[in-house]
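Just so you know, the protein sequences line up as chains A and B, in that order. Numbering-wise, numbering that gives the first Met the number 0 puts 78 at position 79 of the first sequence, and it's gapless, one number per residue. Numbering-wise, numbering that gives the first Met the number 0 puts 112 at position 113 of the second sequence, and it's gapless, one number per residue.
These are calculated hints, taken from the structure and not from any lab test. Incorrect hints may have been included.
Claimed, not checked - Think about it this way: if two alpha-carbon atoms lie no more than 30 Å apart in a straight line, the pair counts; the simulated DSS-like pairs of lysine-lysine are:
hint, chain 1, residue 1, chain 2, residue 2
1, B, Lys-152, A, Lys-80
2, A, Lys-80, B, Lys-205
3, A, Lys-33, A, Lys-80
4, B, Lys-205, B, Lys-152
Just so you know, these numbers come straight off a predicted model, no measurement behind them.
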Amino acid sequence: MYRNSLRIAADILTITRDSDTESGGVGITVLLRKGNISYKSLSRLLKDLTTGGLIEEIEVKRGNRYRISSNGREFLQEYSKFQELAQTFGLNL
Amino acid sequence: MSFGPSLLVVEGILGLIGGLIGLSIGYFSLTGYRETGSPTLLRLAFAFFFLFVGFTVESIANFSYSGYIPLFAISISILILLSGFLETIGYFFLAFSHVIDVRSSKRFALLIPLIIPLNIQALQMSAILGSISFYLLLYGSLETGLSYFRVRKVETLLISLGLSLLAISEFVGWVSYLNISDAFMYLLSILLRVVGFSSLLLSVIKFVWKKETI
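Isolated chain A (complex conformation) (with noise of 0.2 Å):
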């Protein structure tokens, strides 16, 4: 199924909160494996929604982890939201 790139930051965004535990972070591993998205657009787009605001980046031991932040949660929502009106119309976000 096509993605746009709005709907894979989206889904990265997801699964960072999805697969969140005790807010430790998510690995990049696990974000490759779920968001089926290679590793160089991973990176530039974690880069991209750190910058924004939308995901944190937490130091560890080895490598980094991210969690979402609150914009970012904010941001599911509206896209939840305007996702569903588009849909209503038979389009997609």
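Using the hints, position chain B against chain A.
Frame of chain A, contents of chain B only:
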């Protein structure tokens, strides 16, 4: 046109109602675009803002023709043409959203030969615009109807029904344009348009409520 002033006033009022409905949907879509940055919502906002302005201009023309508001240095025929042009652009954006979404440009290309033969018969520009709007609406209605099988939402069916009613309204309006003494057909086209827009509004009205409760 040979319609009485009272009929034109009714059309003006109904046009304003349709315009307000278009403005509401356009506003929700624009809010969605601001929140998510989705180009789909921007196209929807464009579509409904064009329709809002088109209907408003058409209503001004009708009120002016009835003598309720004065016109300065601009003729009613120009206003009618302008409104027809704006409405056609609005319907184009609605159909265009589906073309981009399903990437079915081949299906959209099928519309072109359908438009040309009908337009050869049409001598007036507003009738030409009306016939283009008819095909754009028909296409939008078909695509939305097909989307129902993917999303399974009753609201999607309502949108499809609304677009179908708008298409029929354009067709009836086009027929009444050819037979200008038929006031009933003319009024029917306006009523169908308002019912069609109400159907669109019904399917998105819950988003207003949701916005307030979140």
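So, going through the hints one by one against the coordinates:
Distance restraint check for Lys-152/B and Lys-80/A: the Cα-Cα separation of roughly 14 Å lies within the 30 Å cut-off, and the hinted pair is therefore satisfied. Distance restraint check for Lys-80/A and Lys-205/B: the Cα-Cα separation of roughly 11 Å lies within the 30 Å cut-off, and the hinted pair is therefore satisfied. The straight-line distance between the Cα atoms of Lys-33/A and Lys-80/A is roughly 23 Å, inside the 30 Å bound, and the hint therefore holds. This hinted pair checks out: Lys-205/B and Lys-152/B have alpha carbons roughly 13 Å apart, not beyond 30 Å.
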